[in-house]
Amino acid sequence: AHLGGVLTMMFLLAQQLENQVFVATAALIYFSINLFKIPVYLKLNIISTQILLRILPFLPLIAVGTMLGVYLNRRTSAKMFTKIILAIVFLTGIRLIFK
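Counting from 1, one number per residue, gives the positions in the sequence shown under full-length UniProt numbering.
What the hints contain is simulated information worked out from the structure, not anything from laboratory work.
Please note that the accuracy of each hint is not assured.
Here are the in silico distance ranges between beta carbons for each label pair [to be verified]:
hint : residue 1 : residue 2 : range
1    : 2         : 63        : 26 to 32 Å
2    : 75        : 13        : 15 to 21 Å
3    : 79        : 49        : 44 to 50 Å
The structure presented is a predicted model; accordingly, all values stated were derived computationally and were not measured.
Glycine included, each C-beta is placed from N, C-alpha and C at the ideal position.
Put together the whole structure using the sequences plus the hints.
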């Protein structure tokens, strides 16, 4: 665990984006970062193709999680959304301090 996620969330909160734009921006950032990590991790033998193949059966869960996230996001007010993000950032910070 590192501070990258916390800093990203704080930056995005400061932009005062709509809930959907906030989530879409965060998802695009982390998808892009992780997409570029895969070849590097393969090259450094941090992960293997066998591990990547083990993940394949779980890929449909991404669609389920996305649909659930969209459903919840549409039903959460901007004020509550900000409170939830701040709570997650706070708890993550506490976890990083005591880890």
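Status of each hint after checking the structure:
1. 2 x 63: 26 to 32 Å: holds, 28 Å
2. 75 x 13: 15 to 21 Å: Cβ of residue 75 to Cβ of residue 13: about 20 Å, so the range 15 to 21 Å holds.
3. 79 x 49: 44 to 50 Å: holds, 46 Å
Comparing the model with each numbered hint stated earlier shows that all of them hold.
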